[in-house]
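Engineer: Take the given structure of chain H and dock chain P to it, following the hints.
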Amino acid sequence: MKKNGFEDKRLLEAVDHIDKKYISEALGYYDNIEKSVPKRRVGYILSLAACLALLVAAVPLITYLIPRIGVIFGGTAGAGSSDMLSENEENVGEITYSSRDEDMSDRDLIEHVGEVPKEFVDIINKNLFADIQISGGKVIKYADPPYNIEVYDLSGKLLHRIDVQIDEPEFWYYEHKVHSLSDGTYLFFVPYQVTYSSQGENIINDRVVRFDKNGKVIFDIDLDVKASGFEFFAETDDAYILADGSYQRRYCHFIKIDKSGKITKKIEMGGDEYDRLYDVEYVNGTLYALMRNQRLTHKPYETVTVRFDSDLNVIGYSDEEDFPEIKRDAYTFGYMNVSEFFESRFPDKVFEEAEGTIALRHLATAVIEYDDFILLVSEHDTKHYYPLLLMSTPFSFTETVYTAYSFDGNILWRTAVDSTDYEYLARLEAEKEKYDKFAEEYRKKQSTAE
Amino acid sequence: MKDEKIIELFFARDEEAIKETEKKYGALCHHIAENFLCMHEDREECVNDVMLELWNSIPPARPDDLRSYLAEIVRCRSIDRTRANNAWKRGGNVQIVGDELLSAIPDGTELSESYESTRAGAIINELLASLGKEERAVFVMRYWMSESIREIARRTGSSEGKIKMMLMRTRKKLAVMLGKEGFTL
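Taken in sequence, the protein lines are chains H and P.
The first sequence runs contiguously to residue 450 in the numbering used here.
The second sequence runs contiguously to residue 185 in the numbering used here.
Isolated chain H, as found in the complex (with noise of 0.2 angstroms):
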């Protein structure tokens, strides 16, 4: 290509790592800016924070509960909140766990819902856990090189300390993760990274450990890929499938490894707009991946679930039919510049709502099959409101809907909860125990009533 103006974004990137202290330098030019400022700006600025201030105040540390099968979802609206999210009243020890996003909003999502005991309650709050991992049912905590990781089980007992023998980069740009496999071995992940130097440039790109408990490891794999660090991770039979796909990265990779370390597939999946991988699930031979577009405009965020069999073969997307373009285009360049965000796997039936009024639209973020139905979580925007006169964004109030629908497409039963934090819902781990407890628990209420 030639050269062709500053369309071409990748120099402005260039751009991008001048370093933090010549801009603060620079920036020094600008002290006395503040005098130019004409006061209707100023009026602006200032009615921000009562924004803020609202929208704040309508989203404290919520703790929700969907009563008719007392399970406990929460959220926090906020960022550096406590790891602990959310407490079931009636049931102390029915908590959530989060840790941060990588991502500019640095938000709490959830990881895991599960019960402990209450002295882990408070252990959590003396805020020994921060930065924590959830993953296979433990608590995994880590440090800095030389990699002191600490494993605890969910009463908060030590099981492991291990020290990770394996040489490290100086420097990388995003976090390791730690993933707990069936096995009782671990996975560790380390993003790539860029040096320089009078020789040129060294790349080491993303690299996945396995080790048992004594830090032993299994193997070492150079993943030969420049991703972010494998945050989404499933487990098959006879392998690992890791998922990237974060926060300004335009593609999400996919790699499947066998469990001696040999990698059996890879793809990647983007395009032309920065893509994220929000979560991926395996569930019943079946992966489930669920996408967003970063497209910084005013309407909602393009979402698409993308299925893939254990081979990583693409098998089909959240509405194929409806939105062929979907699938033309993630099967080609996988761009995913969906024109539309898809409402259901079934738009003819499923959100047309019980009383018969309007068709709602919803926003899918997972869907899980079970022999008998299929359980389908999604966001529906209940209001648009301004928050104040001046500000021309709206806001939404919305709530997360879990619906179960039977194969043919009809509703067989739907349940609410009053949301406004739905992304965080949308990262539940999708622990098929966690689900099959939800259908569970309903299937006995409806016994029970009966």
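Any given hint could be a false lead.
Computed beta-carbon distance windows for the label pairs [what the hints assert, rightly or not]:
| # | chain 1 | residue 1 | chain 2 | residue 2 | range |
| --- | --- | --- | --- | --- | --- |
| 1 | H | D311 | P | M1 | 34 to 42 angstroms |
| 2 | H | I218 | P | R169 | 35 to 43 angstroms |
| 3 | P | A61 | H | E268 | 50 to 58 angstroms |
| 4 | P | E126 | H | K157 | 45 to 53 angstroms |
| 5 | H | S24 | P | R13 | 24 to 32 angstroms |
| 6 | P | M1 | H | I218 | 38 to 46 angstroms |
| 7 | P | A129 | H | S182 | 47 to 55 angstroms |
| 8 | H | N148 | P | G161 | 36 to 44 angstroms |
| 9 | P | V176 | H | L181 | 38 to 46 angstroms |
| 10 | P | D64 | H | N214 | 37 to 45 angstroms |
Where chain H lies over chain P, by a calculated footprint (3+ residues, C-beta under 8 angstroms) [stated by the list, open to error]:
| # | segment |
| --- | --- |
| 11 | 64–72 |
| 12 | 119–128 |
| 13 | 140–150 |
Here are the computed lysine-lysine pairs in the BS3-like style, where the Cα-Cα straight-line distance is at most 25 angstroms [as the list claims (entries may be wrong)]:
| # | chain 1 | residue 1 | chain 2 | residue 2 |
| --- | --- | --- | --- | --- |
| 14 | P | K173 | H | K21 |
| 15 | H | K21 | P | K24 |
| 16 | P | K23 | P | K2 |
| 17 | P | K5 | H | K213 |
| 18 | H | K213 | H | K141 |
| 19 | H | K259 | H | K138 |
| 20 | P | K2 | H | K20 |
| 21 | P | K23 | P | K5 |
| 22 | H | K259 | H | K213 |
| 23 | H | K138 | H | K216 |
| 24 | H | K266 | P | K5 |
| 25 | P | K162 | P | K172 |
| 26 | P | K133 | P | K162 |
| 27 | H | K138 | P | K5 |
| 28 | P | K164 | P | K133 |
| 29 | H | K213 | H | K157 |
| 30 | H | K259 | H | K226 |
| 31 | P | K23 | H | K20 |
| 32 | P | K133 | P | K172 |
| 33 | H | K262 | H | K226 |
| 34 | H | K20 | P | K5 |
| 35 | P | K2 | H | K21 |
| 36 | P | K172 | H | K21 |
| 37 | P | K5 | P | K24 |
| 38 | P | K172 | H | K20 |
| 39 | H | K266 | H | K213 |
| 40 | H | K141 | H | K216 |
Read the hints as simulated data drawn from the structure, not as lab findings.
If you're wondering where the values come from, they're calculated on a predicted model, not measured in any experiment.
Here a beta-carbon is modelled for each residue, glycine too, at the ideal position from N, C-alpha and C.
Structural biologist: Leaving out everything else, chain P in the frame of chain H:
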């Protein structure tokens, strides 16, 4: 109010933090956004978004330099919004600045697929380290903030001619450094 105090307010989840940030740096935010975004409404919304993002990011972030931290977010969000609106306006300031910087690349050079922005960024930083304080600031104002020549001249107390000359010399140095590195854009 000092930056440290403002950051403490953010950590205390006190909305005064936003007021104080706006009071101290609101004008700078608008100014940076103005360099990238043509529409007044876009700029207003962008700065609003930035303040919300700041509220959500501090804590846990504790920036050493709140002004630079804020400026980077404003610039990033302005560029994102420009991209989203497909608004690289022909003849607009951003394109003029970009074309100017590209002139540091020798004629006939092809933009290769193996281009690495981080590598080019490292070379630019090396260049900046070799410059005097004023030259360095002028380069950053022009190419990082997409500032106009007139405004740079006003801020540095120099003539527009001097700024243009300074930038031209800096670009030539950059071209030499890129060439030495065998850099093919």
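Engineer: It remains to establish, for every hint, whether it holds in the given structure.
Structural biologist: The hints, checked one at a time:
no.: 1; hint: H/D311 with P/M1: 34 to 42 angstroms; in the structure: violated (58 angstroms)
no.: 2; hint: H/I218 with P/R169: 35 to 43 angstroms; in the structure: violated (57 angstroms)
no.: 3; hint: P/A61 with H/E268: 50 to 58 angstroms; in the structure: violated (30 angstroms)
no.: 4; hint: P/E126 with H/K157: 45 to 53 angstroms; in the structure: holds (52 angstroms)
no.: 5; hint: H/S24 with P/R13: 24 to 32 angstroms; in the structure: holds (27 angstroms)
no.: 6; hint: P/M1 with H/I218: 38 to 46 angstroms; in the structure: violated (54 angstroms)
no.: 7; hint: P/A129 with H/S182: 47 to 55 angstroms; in the structure: holds (51 angstroms)
no.: 8; hint: H/N148 with P/G161: 36 to 44 angstroms; in the structure: violated (60 angstroms)
no.: 9; hint: P/V176 with H/L181: 38 to 46 angstroms; in the structure: violated (53 angstroms)
no.: 10; hint: P/D64 with H/N214: 37 to 45 angstroms; in the structure: holds (39 angstroms)
no.: 11; hint: 64–72; in the structure: holds (count 5)
no.: 12; hint: 119–128; in the structure: holds (count 7)
no.: 13; hint: 140–150; in the structure: holds (count 5)
no.: 14; hint: P/K173 with H/K21; in the structure: holds (21 angstroms)
no.: 15; hint: H/K21 with P/K24; in the structure: holds (20 angstroms)
no.: 16; hint: P/K23 with P/K2; in the structure: holds (12 angstroms)
no.: 17; hint: P/K5 with H/K213; in the structure: violated (45 angstroms)
no.: 18; hint: H/K213 with H/K141; in the structure: holds (14 angstroms)
no.: 19; hint: H/K259 with H/K138; in the structure: holds (20 angstroms)
no.: 20; hint: P/K2 with H/K20; in the structure: holds (20 angstroms)
no.: 21; hint: P/K23 with P/K5; in the structure: holds (14 angstroms)
no.: 22; hint: H/K259 with H/K213; in the structure: holds (16 angstroms)
no.: 23; hint: H/K138 with H/K216; in the structure: holds (19 angstroms)
no.: 24; hint: H/K266 with P/K5; in the structure: violated (49 angstroms)
no.: 25; hint: P/K162 with P/K172; in the structure: holds (15 angstroms)
no.: 26; hint: P/K133 with P/K162; in the structure: holds (15 angstroms)
no.: 27; hint: H/K138 with P/K5; in the structure: violated (39 angstroms)
no.: 28; hint: P/K164 with P/K133; in the structure: holds (16 angstroms)
no.: 29; hint: H/K213 with H/K157; in the structure: holds (15 angstroms)
no.: 30; hint: H/K259 with H/K226; in the structure: holds (22 angstroms)
no.: 31; hint: P/K23 with H/K20; in the structure: holds (23 angstroms)
no.: 32; hint: P/K133 with P/K172; in the structure: holds (18 angstroms)
no.: 33; hint: H/K262 with H/K226; in the structure: holds (18 angstroms)
no.: 34; hint: H/K20 with P/K5; in the structure: holds (21 angstroms)
no.: 35; hint: P/K2 with H/K21; in the structure: holds (19 angstroms)
no.: 36; hint: P/K172 with H/K21; in the structure: holds (23 angstroms)
no.: 37; hint: P/K5 with P/K24; in the structure: holds (12 angstroms)
no.: 38; hint: P/K172 with H/K20; in the structure: holds (23 angstroms)
no.: 39; hint: H/K266 with H/K213; in the structure: violated (28 angstroms)
no.: 40; hint: H/K141 with H/K216; in the structure: holds (18 angstroms)
The earlier numbered hints that this structure contradicts are 1, 2, 3, 6, 8, 9, 17, 24, 27, 39.
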